[in-house]
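Asker: Fit chain P to the given chain G structure using the hints.
So the sequence lines, in the order shown, correspond to chains G and P.
Residues in the first sequence are numbered consecutively from 1221, following our numbering.
Residues in the second sequence are numbered consecutively from 154, following our numbering.
Source of the hints: derived by calculation from the structure; they are not laboratory data.
Incorrect hints may appear among the rest.
[To be verified] With a Cα cut of at most 30 Å, we get these calculated DSSO-like pairs of lysine-lysine:
1) Lys1255(G) to Lys1281(G)
2) Lys218(P) to Lys1346(G)
3) Lys1396(G) to Lys234(P)
4) Lys1418(G) to Lys438(P)
5) Lys1242(G) to Lys431(P)
6) Lys195(P) to Lys1392(G)
7) Lys195(P) to Lys1281(G)
8) Lys1499(G) to Lys1255(G)
9) Lys1346(G) to Lys195(P)
10) Lys317(P) to Lys1242(G)
11) Lys438(P) to Lys1242(G)
12) Lys195(P) to Lys1242(G)
13) Lys1392(G) to Lys234(P)
14) Lys431(P) to Lys1331(G)
15) Lys1311(G) to Lys317(P)
16) Lys1261(G) to Lys1504(G)
17) Lys1499(G) to Lys1487(G)
[Unchecked claim] The calculated label-pair distances, taken between Cβ atoms and stated as ranges, are:
18) Glu1446(G) to Ser446(P): 22 to 32 Å
19) Asp240(P) to Glu1481(G): 52 to 62 Å
20) His330(P) to Glu1277(G): 35 to 45 Å
21) Glu1399(G) to Asn176(P): 39 to 49 Å
22) Val1425(G) to Asn176(P): 28 to 38 Å
In this text, a Cβ means the ideal position worked out from N, Cα and C, and glycines have one as well.
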Amino acid sequence: MVKELLLGDNPFIGVSHLSQEKAREERNEVSLVQKKVDVIKASMEGGVTGFTFSTHELNLKMFKYISDNHDLLDKLNYYILVPYAQGYVRKANVIGTAGLATTVLNNIVRKRFKDFVAGALTMNFKRVASLFIVNEVEPYLKILPKTRVKAILLHEVLVDIIVAYELIDLLKEIKKDVESKLGVSFGLETRNVSHLFKLVVSSGVRVEYVMTPMNPLGYQMASSKEVAEKAIEELASKLESKVIAINVLASGAVTPIEACEYLRRFKEYIYAVTYSTSKPSRAKENALLLAKNLL
Amino acid sequence: MLRAPDSSLLKILPHDLCPEIANWNGYAELLDLRIAIVGFGKMGLLHSGILNLLVPRAVKAIVDKSLLLTFGASRIIKTMKFYRDIDRMLREIEPDIVYVTTPTSSHYFVVRNLLNNDVRYVFVEKPPTLNYEQVHHLVSIKKTDQRIIVGFQKRYALTFRHAKLLIDNGVIGEILHVNSHIRSGDILGPTNRFDTLRRGVLLDLGVHLVDLLTWFFKIKRVIKARSKNVYTRVDDVFRSELETEGNVKISLDASWSNPEYRIPETYIEVHGTLGTIKVTEDYLKVNTKIEHSLLDNKREVVLYKPHYYQGIPSVNLADPEYTIENIHFLESIHGNKQPLTSIESSAETMKVIDLLYEEAWRTKNG
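Okay, chain G solo, but in the shape it has when bound:
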């Protein structure tokens, strides 16, 4: 059953899976932090109870602003996507991949010297990779109410590579660190849900949250719409993963009503539904519609 409606951060950080043109328009609409707060507040009026976001520096700035100016942070649940991959892609463009790896390692050494030495001495590079994730998410955990952070989810860029290379030990290491070191539930975000399902089944790793696109067009649903739907059903029913549906409006190509009609078929398998917008009025309207049809 759908338990939560979540607001996503894509327009807040200039991301649109429809077009860059739309991303630029939306980013300009919410260029002032207060505009983002207005969208969040409007969505909450419509029934949103959670916010899902990437570890983009603009989000950290927004949380600091909210903390200083509003009584809002402890009224939402948080689902954190880590890392913000595009930031690293840009860095790699400037300094190269080897340069990027060196920079990341230097950051880990600076902030977690003892852990790094332990990992390096035992040649445990999985440990070092896991420290990177912990480092990324830490500034957000310092500012958000601990009990409200429901899950830390690995971004699709990492998850889909983990699946492609069958990096089960790395997955276990990161999951262990997130759950034990940070004390937060662990999840995976993917655009290749049927491939992920196969890996999860074969490895026996239990993943509490799985975030993946679900929309009537099958946009970003791999390996195909039908196969992805089947994988989502089985993840929820057999493996007891909490499925968070994202991109439910196919980036704006379907109406909220069409999205609701489609998602209703999967109500028993979905834990939360995410949508995003840069407009307060739409934030409330969509939340009300989704709540009426799915909660």
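Answerer: This is chain P only, laid out in the frame that chain G set:
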């Protein structure tokens, strides 16, 4: 809210635009491939990820000069072997296919080595070489049964394929003029990474746009070209005007230092006697004075990515065109056909790149 395309228009999508997808499922599982990747940067990681998701464990080996990368990755990734020496990898793995995803300056030398070592199928990331002369040499030493595909992945994006189909069928009439740009915010601070290359945004990013323009139209000459450096010692901004064999003028603008662009965007606006086509990786917008069967007898059509990629491709890692490109390459190997972006067809693109740099140099130096 976007307008959903009419269902009858969807009949031409995606099979007419993407036959690769229709053919793929039939024999993907039958492929028994040994693939090696040379260069474990972001493109090496991307292609190997896609390949492994298309054909599980197809990638057998990775080669990279960096000790840090190969040693670190070998401790984490157990399904493939890591090497720092190409020749050793070739001896031990005997790959069917080698992907070259190293920095551009080494493409020519690595591909030449692979051809000399009788590797039959080579994928080389764009740009294939630094200049036309190097492409020409690779084509000349290539044996007839060897195939090289170049990673000009924009030709595998369905929006651009659709635009070409409409232009070729005269949907907007005779072409009058074309405006185009490719922009990114990749370089927003000083870097000396491109110093040794001595070529910048036009070669690295603009080559995609030049490749699309040479694919869409026949480029006859460069009318003017100007470059500017902002953060590097090479061209960060490149502006030019080209002319086609039909005397159509094309404006071309390339920049990798535009902070407005989170990720690269390629934009082509084609004006014809009957209408206009605007196309990017993300959308296709068509306006025309006459109703055309390819537009479902409409005069105006707007299609976005979600309309094109409905449940396809079967792997969704980065933009869909990367997966379609890889499927296309594997299918061309399977069917013993030249790929769409073969090195032979890329030669024209590199010729235009050279002409543009020569003209920019002339402008700068009188």
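Asker: Has the given pair, Lys195(P) with Lys1242(G), been kept, meaning a C-alpha gap of at most 30 Å?
Answerer: Holds, because 26 Å separates the two Cα atoms, which is no more than 30 Å.
Asker: Keeping to a limit of 30 Å between CA atoms, is the pair of Lys1242(G) and Lys431(P) held or broken?
Answerer: Judged against 30 Å, a Cα distance of about 15 Å means the pair holds.
Asker: Given the hinted pair Lys1499(G) and Lys1487(G), is their alpha-carbon gap at most 30 Å?
Answerer: 27 Å, holds
Asker: For a C-alpha distance cap of 30 Å, please report whether Lys1261(G) and Lys1504(G) respect it.
Answerer: 9 Å, holds
Asker: For the pair His330(P) and Glu1277(G), does the Cβ-Cβ distance stay inside 35 to 45 Å?
Answerer: 42 Å, holds
Asker: Hint check: Lys1311(G) vs Lys317(P), CA-CA at most 30 Å. Holds or violated?
Answerer: 34 Å, violated
Asker: What's the verdict on Lys1346(G) and Lys195(P), does the C-alpha distance respect the 30 Å limit or exceed it?
Answerer: Roughly 19 Å between the alpha carbons, so the hint for Lys1346(G) and Lys195(P) holds.
Asker: Are Lys195(P) and Lys1281(G) close enough, with their CA atoms no more than 30 Å apart?
Answerer: 28 Å, holds
Asker: What's the verdict on Lys1396(G) and Lys234(P), does the C-alpha distance respect the 30 Å limit or exceed it?
Answerer: 27 Å, holds
Asker: Are the Cα positions of Lys1255(G) and Lys1281(G) separated by 30 Å at most?
Answerer: This hinted pair holds, its Cα atoms lying about 13 Å apart.
Asker: Measure nothing beyond the straight line between the CA atoms of Lys1418(G) and Lys438(P); if it is 30 Å or shorter, mark the hint as holding.
Answerer: 39 Å, violated
Asker: Measure nothing beyond the straight line between the CA atoms of Lys438(P) and Lys1242(G); if it is 30 Å or shorter, mark the hint as holding.
Answerer: The given pair, whose Cα atoms are some 14 Å apart, holds under the 30 Å limit.
Against the hints set out earlier in the document, violations occur for numbers 4, 14 and 15.
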